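Peer 1: The listed protein sequences derive, respectively, from chains A and B.
Take the position in the first sequence, starting the count at 1, then add 410; the result is the number in the numbering used here.
Take the position in the second sequence, starting the count at 1, then add 5; the result is the number in the numbering used here.
Because the hints were derived from the structure by calculation, they are not lab data.
Bear in mind the structure is a predicted one, so any value in this text is a computation, not a measurement.
Heads up, the beta-carbon is just placed ideally off N, CA and C, and yes, glycines get one too.
Example chain B residues on the side facing chain A (calculated, C-beta under 8 Å, incomplete): (1) F30; (2) G37; (3) A80; (4) Y122; (5) G123; (6) T185; (7) P186; (8) R187; (9) Y190; (10) I192; (11) M193; (12) P247; (13) M249; (14) L254.
As a list, the in silico EDC-like pairs of lysine to aspartate or glutamate whose alpha-carbon atoms are at most 20 Å apart: (15) A:K598 <-> B:E248; (16) A:K464 <-> B:D183; (17) A:K568 <-> A:E599; (18) A:K464 <-> B:E184; (19) A:K478 <-> B:E126; (20) B:K120 <-> A:E428; (21) A:K465 <-> B:D183; (22) A:K417 <-> A:E428; (23) A:K465 <-> A:D608; (24) B:K250 <-> A:E599; (25) B:K300 <-> B:E17; (26) B:K120 <-> A:D472; (27) A:K424 <-> B:D124.
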Amino acid sequence: MDIILQKISEYLQKGDEEKVFELTKQAIGHNFDTKEILDNGLIAGMNIIGEQFKKHEIFLPDVLMAAKAMYAGMDQLKPLLIKDGIQGMGKIVLGTVHGDLHDIGKNLVGIMLKGAGFEVIDLGRDVPAEKFVDTALNEQVKVIGLSALLTTTMSVMKEVISILKVKDTTNSIKTIVGGAPLSKDYAKEIGADAYAYDSANAVESVKELIGVN
Amino acid sequence: MKPFFERLHSGEILVSDGAMGTMLFQKGLRPGDCPESINLKNPEILKEIAQLYFNAGADIIQTNTFGGSPLKLSAYNLEDKNEEINTIAVNCVRKVVGTQAYVSGSCGPSGKILKPYGDTEPEDVYQSFKRQMKSLINAGVDIICVETMTDLHEATIAVKVSKEISSQITVIATMTFDETPRGFYTIMGVSIKDAAKRLEKVGANCIGSNCGHGIENMIKIAYEFKKYSSLPIIIQSNAGIPEMKGETLFYPETPEFFAEKTKELIDAGVSIIGGCCGTTPEHIRAIRKVVDSYKE
Numbered sequence: 411m412d413i414i415l416q417k418i419s420e421y422l423q424k425g426d427e428e429k430v431f432e433l434t435k436q437a438i439g440h441n442f443d444t445k446e447i448l449d450n451g452l453i454a455g456m457n458i459i460g461e462q463f464k465k466h467e468i469f470l471p472d473v474l475m476a477a478k479a480m481y482a483g484m485d486q487l488k489p490l491l492i493k494d495g496i497q498g499m500g501k502i503v504l505g506t507v508h509g510d511l512h513d514i515g516k517n518l519v520g521i522m523l524k525g526a527g528f529e530v531i532d533l534g535r536d537v538p539a540e541k542f543v544d545t546a547l548n549e550q551v552k553v554i555g556l557s558a559l560l561t562t563t564m565s566v567m568k569e570v571i572s573i574l575k576v577k578d579t580t581n582s583i584k585t586i587v588g589g590a591p592l593s594k595d596y597a598k599e600i601g602a603d604a605y606a607y608d609s610a611n612a613v614e615s616v617k618e619l620i621g622v623n
Numbered sequence: 006m007k008p009f010f011e012r013l014h015s016g017e018i019l020v021s022d023g024a025m026g027t028m029l030f031q032k033g034l035r036p037g038d039c040p041e042s043i044n045l046k047n048p049e050i051l052k053e054i055a056q057l058y059f060n061a062g063a064d065i066i067q068t069n070t071f072g073g074s075p076l077k078l079s080a081y082n083l084e085d086k087n088e089e090i091n092t093i094a095v096n097c098v099r100k101v102v103g104t105q106a107y108v109s110g111s112c113g114p115s116g117k118i119l120k121p122y123g124d125t126e127p128e129d130v131y132q133s134f135k136r137q138m139k140s141l142i143n144a145g146v147d148i149i150c151v152e153t154m155t156d157l158h159e160a161t162i163a164v165k166v167s168k169e170i171s172s173q174i175t176v177i178a179t180m181t182f183d184e185t186p187r188g189f190y191t192i193m194g195v196s197i198k199d200a201a202k203r204l205e206k207v208g209a210n211c212i213g214s215n216c217g218h219g220i221e222n223m224i225k226i227a228y229e230f231k232k233y234s235s236l237p238i239i240i241q242s243n244a245g246i247p248e249m250k251g252e253t254l255f256y257p258e259t260p261e262f263f264a265e266k267t268k269e270l271i272d273a274g275v276s277i278i279g280g281c282c283g284t285t286p287e288h289i290r291a292i293r294k295v296v297d298s299y300k301e
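Construct all of the structure, not just a fragment, from the sequences and the given hints.
Peer 2: The following block contains the structure:
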């Protein structure tokens, strides 16, 4: 009975936290495959939200409410995913660079990445360059995501990438940058592996970076 | 000098100033510093900037208090200094302009997302604006300018608070819109129609838009506001969408281009014309010239 998963997706899109919690609980009770609840319920719903937001069909409040609903389901699935040894999409370190206190864009990227099944380690805002790299190495993440809103803090991104190049001897960690003043050209100039122009694009770009779809 | 409210309603077109942040960085504000910390550390800079815009012909000069609410200052552990920060900013501008221009107290967003979407209580936002606006009004601003808003709930709170503190104070309220295939909306999903109607209802005296766009889109936004409100309209446009040139930010729209388009803003019926990010005293001078030529 896939109808319950479809319902999870639908109520998630409506931002109905309680219903998503309840339905996820039911799905678990009915012995649905954990991965299936995640992929065909929660992630499916967030994908649609991401698409609609990208097309300006919905706005930030809708995304935030959907995210709350997603977390209500995700919290129940997490222990099961760990127990079943199910690998997610991988880990990502995310943060706004040192000197920059703007985090709405970064938070949105975090929501979308979680919604796509990634494990997000959010370091918050005003994050020192070293901390990005050290966390990425310790946590064995695949990607570092850097955000900046100020034109004056964009250059800090370059610093993170330089430190990473020295410390990541196997060259296995990728970087993606984003934020209002950035451009594809600037990302290239500072040696970032990818640039994302918005939160939905960030998910696409990260998937591309690590070779999944 | 006539009271601002009278001038605004006389049909005269007024000129407001240009970017503050851009000027502060030119004058030595460091990346990551709180822009309002300048008010404590080096208030002379505030006078210099006010003087530049005043000399360029602005009728309205804004205070360096965009992020001067306790909620916003708390990010820098400066919330306890909010009264001082706001008072100094007003005093500096007043010292320069005397009664030759109007002092407008800038009040930007709290930077928080209100419940139910975020986790901030509307009451906290209310109290935060109240503390800031009390300082601004006590220090003698002519205008409270609620700007760069994207959440209509927050904008509404800000307008209401200012009127609660002083029913006499003139309140300008502007929001920042994105262009979507369905028209202009803020990122929080507020249409120009909803913004215009609601802001007028809660007591704003002048409404419009600042930031987010170059001047061409702002002309479209101005016409849209006119459709839904009989209040005077204010437009403060960016000098285009910034591009990176090497390590520096470049705003493509020149003072000449602004002059050209200012005519169209006047035709659209805009009452106050000024600049936002990337605009300079030269842009304001250009606007002034066009506005003056319309008077004759």
